[in-house]
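Taking the hints into account, I'd like the entire structure generated from these sequences.
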Amino acid sequence: HVHRHPSRVWMRHGAARDGTLINVQARLLVDGGAYTSTSPAVIDNATTFAAGPYEVPNARLEGTAVFTNNPPCGAMRGFGAVQACFAYEAQMDKLAAALNLDPIELRIKNALHTGSVLPTGQPIAGVAPVRECLQRLQQLPLPPEESALDRDPMLLPGGAGNVGHGEGIKRGVGVAVGYKNLGYSEGFDDSSEAWVRVSVDRDGPLAEVKTAAVEVGQGLDTIVTQIVRTELGIDRVLIRPPDTAIGSAGSSSASRQTMMTGGAVQLACQAVRAEIERSGGLQDLRRPLEATRVFHHRPTGKLDASGQGDPHVTFAFGAARAVVEVDQDLGLVRVLQLAVAQDVGRALNPQSVLGQIEGGSAQGLGLALMEEVALIDGQVKNASFTDYLIPTILDMPPVVSEVIEEPEPGLPYGAKGVGEPSTVVVPAAVVAALRNATGRELRRAPVKPDDLVGL
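Numbering (my numbering), first residue to last: 132 to 586.
Keep in mind the hints are simulated off the structure, nothing from the lab.
Please note: incorrect hints may appear among the correct ones.
To be verified - In silico BS3-like cross-links for lysine-lysine, where the CA-CA straight-line distance does not exceed 30 Å:
1. Lys225 - Lys301
2. Lys240 - Lys225
3. Lys433 - Lys512
4. Lys579 - Lys301
5. Lys579 - Lys225
Rendered as structure tokens:
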């Protein structure tokens, strides 16, 4: 039952009266379970992101992962950035309320941008459209309000489980912005290798591709096919099954396969294309041509003893707005709409990008309202999908996706990984909307009905 690291976060922010952030202090504690697993990397990630996507001149960030008698924890979508975002975005809303400022304008005022320096000392050399993400959300209209009393009961919070008639329902709106690293970090020697072969048979030119990368539903084979067609101008593309005779492609994680394996395929295609051009073109090709190439991202390094360094390859940014209804008598919640504005670098396949944003949003909704590993004395008490709740299509609201394209230097076609930012920001946005609807502080997730009713 490897699962996301349960975490506790303590934060304190200081700001000028105009909202300019001055300092942040954070302590993060994660339960790694009985084995080390990925806990060191997760707590490093969570801690390096604990200041949020904001310029803060003074930061003290401490992270600790501990062994417990609980089941081990491991890598899950968001990899530490989810827990950090939940905390720093709650703080930003509290700060906005204390200063009587608009929560979005406060975030825009302090947003990171290209050239900003993070608390680790790492500068943001690439694209950082944090302000644009937030401004896109500002421009989106809210879903129209309708009287709960005149509504089909199935459209009330709780649906068929709601025994009321729409009394006591309040609407809330919440916003969150966050960011996540792309690829392996802190000096990990990451690479991906690809083999490309071009031949001509009676049906015309054929391009074959072999890598060790695994398609797990994220759309990698589609992206690789597009890259081959773009680089070689050949329509017939055959993606061979993953082959460990080829050099490593690494894991299908860390939002890395498009940039890593995509980069390797691009390099191999360019090498084959050069050979084709030297041989006089495809029409004169008498024998197959092939090339194997390895793609490396730019080098990174470990943090030093003072927490300074250049740990991350690059970053993807995103913002989410959640609109919810809460039945304050029954503690039932209906999410009316999720809107996500996400920095994708360049959308190589727009349909796949939207699918990743929507899938990440669904997982984020689950983290905010449903998903929890119930542990008693180290034993999992909800070990099946009968008891462990995840969102279904009936729980998902419409997702409005705003794709922000600004190519990232150093990555193939400027494309960023897109699978994680929506999962990072949606939980914080949903819980912020619940706070807005109920006036309750709501310091933990998932938020349960008994968190929303009573004293």
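Results for each hint:
For a cut-off of 30 Å, the pair hint linking lysine 225 to lysine 301 stands: about 20 Å separates their Cα positions. Between the alpha carbons of lysine 240 and lysine 225 the distance comes to roughly 16 Å, so the proposed pair stays at or under 30 Å and holds. Among the hinted pairs, lysine 433 with lysine 512 is inconsistent with the structure: their alpha-carbon atoms are about 38 Å apart, more than 30 Å. As the CA atoms of lysine 579 and lysine 301 are separated by approximately 16 Å, the hinted pair is consistent with the 30 Å bound.
A distance of roughly 21 Å separates the Cα atoms of lysine 579 and lysine 225; the hinted pair therefore holds under the 30 Å criterion.
In the structure shown, a violation is registered for the earlier hint numbered 3 alone.
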